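Protein chains in written order, with the working numbering: chain A, 1 to 319; chain B, 1 to 278.
Heads up, some of the hints might be wrong.
[Said to hold, decoys possible] Result set (BS3-like, lysine-lysine): computed pairs, CA atoms no more than 30 Å apart in a straight line: (1) B:K272 to A:K33; (2) A:K241 to A:K318; (3) A:K82 to B:K272; (4) A:K21 to B:K272; (5) A:K241 to A:K187; (6) A:K92 to A:K21; (7) A:K240 to A:K129; (8) B:K272 to A:K129; (9) A:K187 to A:K220; (10) A:K220 to A:K92.
[Claimed, not checked] To spell it out: a stretch of chain A is covered by chain B in this simulated footprint if at least three of its residues, at any positions, have a beta carbon under 8 Å from a beta carbon of chain B; those stretches are: (11) 52–66; (12) 91–100; (13) 119–130; (14) 186–193; (15) 197–208.
[As the list claims (entries may be wrong)] Have a look at the derived ranges for each label pair, beta carbon to beta carbon: (16) A:N30 to B:R10: 55 to 61 Å; (17) B:G102 to A:I111: 25 to 31 Å; (18) B:R188 to A:K220: 34 to 40 Å; (19) B:T93 to A:K33: 50 to 56 Å; (20) B:A13 to A:R75: 30 to 36 Å; (21) B:R10 to A:K318: 31 to 37 Å; (22) A:A268 to B:Q192: 37 to 43 Å.
No wet-lab data here; the hints were simulated from the structure. This one's a predicted model, so the numbers in the text were calculated from it and none came from an experiment. Note that beta-carbon positions come from the ideal geometry of N, C-alpha and C, so glycine has one too.
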Amino acid sequence: MSDQPAITLSDIGKTYVVRTKAGALRRHRNEVKAVDGVSFAVEAGEMVGYLGPNGAGKSTTIKMITGILTPTSGRLRVLGLKPVAQRRMLAKHIGVVFGQRSQLWWDLPLIDSFDLLHHVYATEPGRHKHNVAEFIDRLDLGEFLTTPVRQLSLGQRMRGELTAALLHDPELVVLDEPTIGLDVVSKHAVRTFLQDVNAQRGTTVLLTTHDLDDVEQLCKRMLIIDHGRVLLDQSVADFKKEHGTRRTLVVEFEHVVDPVQLAHATVARCEGPQQWLSFDRSVTTAAALISELAELHAIRDLSIDEPEIEDLVRGLYKS
Amino acid sequence: MGDAGVDGARVGAFLTLMVEVARRSFRRASHYRLATAAGVFVNTVFGYLRASVLVFVAASSGGMVRGLSGSDLATYAFMSQGLIMVVGVFGDTELSDRIRTGDVVVDLYRPVDLQMWWLATWIGKAAFQAAARGIPPVVLGAIAFDLTWPDHWWLWLVFVVSVVLASVVGFTVRFCSALATFWLLDSRGIDQMVTFTVGFFAGMLLPLTLFPQWLETVARALPFASMVQLPIDIYLGTASGSEIVWTLAQQAGWCVALLGLGRVMMASATRKVVVQGG
Ligand SMILES: Nc1ncnc2c1ncn2[C@@H]1O[C@H](COP(=O)(O)OP(=O)(O)O)[C@@H](O)[C@H]1O
Ligand SMILES: [Mg+2]
Chain A
1 MSDQPAITLS DIGKTYVVRT KAGALRRHRN EVKAVDGVSF AVEAGEMVGY LGPNGAGKST
61 TIKMITGILT PTSGRLRVLG LKPVAQRRML AKHIGVVFGQ RSQLWWDLPL IDSFDLLHHV
121 YATEPGRHKH NVAEFIDRLD LGEFLTTPVR QLSLGQRMRG ELTAALLHDP ELVVLDEPTI
181 GLDVVSKHAV RTFLQDVNAQ RGTTVLLTTH DLDDVEQLCK RMLIIDHGRV LLDQSVADFK
241 KEHGTRRTLV VEFEHVVDPV QLAHATVARC EGPQQWLSFD RSVTTAAALI SELAELHAIR
301 DLSIDEPEIE DLVRGLYKS
Chain B
1 MGDAGVDGAR VGAFLTLMVE VARRSFRRAS HYRLATAAGV FVNTVFGYLR ASVLVFVAAS
61 SGGMVRGLSG SDLATYAFMS QGLIMVVGVF GDTELSDRIR TGDVVVDLYR PVDLQMWWLA
121 TWIGKAAFQA AARGIPPVVL GAIAFDLTWP DHWWLWLVFV VSVVLASVVG FTVRFCSALA
181 TFWLLDSRGI DQMVTFTVGF FAGMLLPLTL FPQWLETVAR ALPFASMVQL PIDIYLGTAS
241 GSEIVWTLAQ QAGWCVALLG LGRVMMASAT RKVVVQGG
């Protein structure tokens, strides 16, 4: 299993058929191409970010990879198995986390769900104990291990979900928006943990997100998908070089002034006393720009916008 | 020999898993103490109402109706009140809620049979309900009414077996109606219809024995009678000798048939999810 990729998608497509009522008896038949000819492979041990705006087709792709949705077209192999036909067998070897769904027992403490998984996956008792102890330690689960899951915060629950998905030593873990809605601290905990699991256990990780930060901090490789098509598949380092260096400085002057003229920044937008200055981090710094601006006009407020995935996608279409 | 050993280990692991799921479900049900206490109160009050009416009916027709004495009928009232939660007369929306919200995909990710998983969950909960909601109404009923008790100690054992089968039949009925959510999107309508049908044909409203002859025949030919009427037939001794065997066989038959129907529906629902995406 080690010489072939963990995941291979060859020209995968998924078309949903949506029927809507049109009059008493007639029904309209609409087709939604959620995934449209996607091909990529994930090697064993890789950690890949699958990035895209809402409705891009990320979840649909994940569902096909994990065997709960049949592709309309194309060829798919995961750990050498056909996901839908061999779903139960595949389930033993993969871990799945959905940011918006739970596999924990709502009314019971975390530790109860963990101990049940030992029986679900028939993991060797020593191994199970070792894993539980390790994850409790790494994710700081100790203090809320015996609290019913429904009383946990989203961040605490997500740490529980991660543990539940990884207790059986899966070769591959697939996560659909694991950081959605999390506070900064929990996000950090989730990221660090996934990085450790990938580095130390060699677990292959595929995660979807619409948060560019997740991918920049976690993955070596990223794919951007929009309208069901892969727009970009490259290393995060290259991506940062090509796209990730543009930032926007939002400045609010004391008075309404004409768009400023600077050597290394262009005014992208101008609204009353506020101006949006686009600059390249590899050419100049925000600090340098700010001191230049301060000499020109009195400044009331400043902020730096991180790029949103929607803007990035727009940029990719233009180039 | 080696193969038998491996199969034996697999069956052992499966049964352990089922017991573990049931244990957690039992524990979870036990968390709702206030609801349990309120339920016992309501079940007992209704037991008193139904028992009074039935005892009055027996008294005004000369002490016996269709071979049942006033105390048999009072016993029927309290026993059936005690069985409500054990066999799920009013059902349970947990599975249909999971289907409606889409959380059921999480269940599909487990390398475990969905039906067996939910059956174990149901049995665990039912075991708790038998202890917490089944016994108290009968004990409380015995304070004011002269209740009938089984004639032989072994009847208690047979009765327990019959109640387990009754609970499994109750599960199969609700499992099938919950699966209908995959096609109907909202299961409330079907849940209400099933609750009404069960209430009437299982013998909750009235003992089936008091129905007009033809209607009793119809009701006894349906699976719902296995949920309430048949276990109480055994308890009261109205089914005796070979009739006991026949009663248990009938219940077991419905278990097998309806579990089978559930599997067919489950396969079809899974196919729908996998093709259409929920
Ligand atoms: N079960 C479904 N039936 C019909 N359309 C769907 C279904 N699931 C998703 N879609 C549509 O497919 C597209 C991709 O959805 P999804 O894969 O969930 O995107 P993402 O996870 O990237 O937000 C969207 O237009 C969405 O509305
Ligand atoms: Mg999604």
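Open item on the list: For the segment 91–100 of chain A, count the residues whose Cβ lies under 8 Å from any Cβ of chain B; is that count three or more?
Closed with: holds (count 4)
TODO: Sort out whether K33 of chain A lies within 30 Å of K272 of chain B, counting only the CA atoms.
DONE: Answer holds: K272 of chain B to K33 of chain A is near 18 Å, not above 30 Å.
Task: CB-CB spacing for R75 of chain A and A13 of chain B relative to the 30 to 36 Å hint - done: Holds - the Cβ-Cβ distance for A13 of chain B and R75 of chain A, about 34 Å, lies within 30 to 36 Å.
Open item on the list: Can you tell me if the segment 52–66 of chain A counts as covered by chain B, using C-beta to C-beta distances under 8 Å and a minimum of three residues?
Closed with: With 3 residues in contact (Cβ-Cβ under 8 Å with chain B), the coverage given for the segment 52–66 of chain A holds.
TODO: Evaluate the given range 25 to 31 Å for the C-beta pair formed by G102 of chain B and I111 of chain A.
DONE: holds (27 Å)
- [ ] Sort out whether K129 of chain A lies within 30 Å of K240 of chain A, counting only the CA atoms.
- [x] Not OK: K240 of chain A and K129 of chain A at ~41 Å, beyond 30 Å, violated.
Task: Hinted pair K220 of chain A and K92 of chain A, Cα distance within 30 Å - done: holds (27 Å)
Open item on the list: Cut-off 8 Å, C-beta pairs, minimum 3 residues; does the coverage of the segment 186–193 of chain A by chain B stand?
Closed with: Coverage by chain B is violated here, the residue count being 0 at a Cβ distance below 8 Å.
Task: Agreement of K92 of chain A and K21 of chain A with the hint, judged by alpha carbon distance not exceeding 30 Å - done: violated (41 Å)
Task: Given pair status - K272 of chain B, K82 of chain A, alpha carbons within 30 Å - done: Holds. K82 of chain A to K272 of chain B sits at ~18 Å (cutoff 30 Å).
Task: Outcome of range test on Cβ distance (N30 of chain A, R10 of chain B; 55 to 61 Å) - done: violated (46 Å)
- [ ] Verify the proposed pairing of K187 of chain A with K220 of chain A, using a straight-line Cα cut of 30 Å.
- [x] Roughly 18 Å between the alpha carbons, so the hint for K187 of chain A and K220 of chain A holds.
Hint violations for this structure: numbers 6, 7, 8, 14, 15, 16, 18, 19, 21, 22, all remaining hints satisfied.
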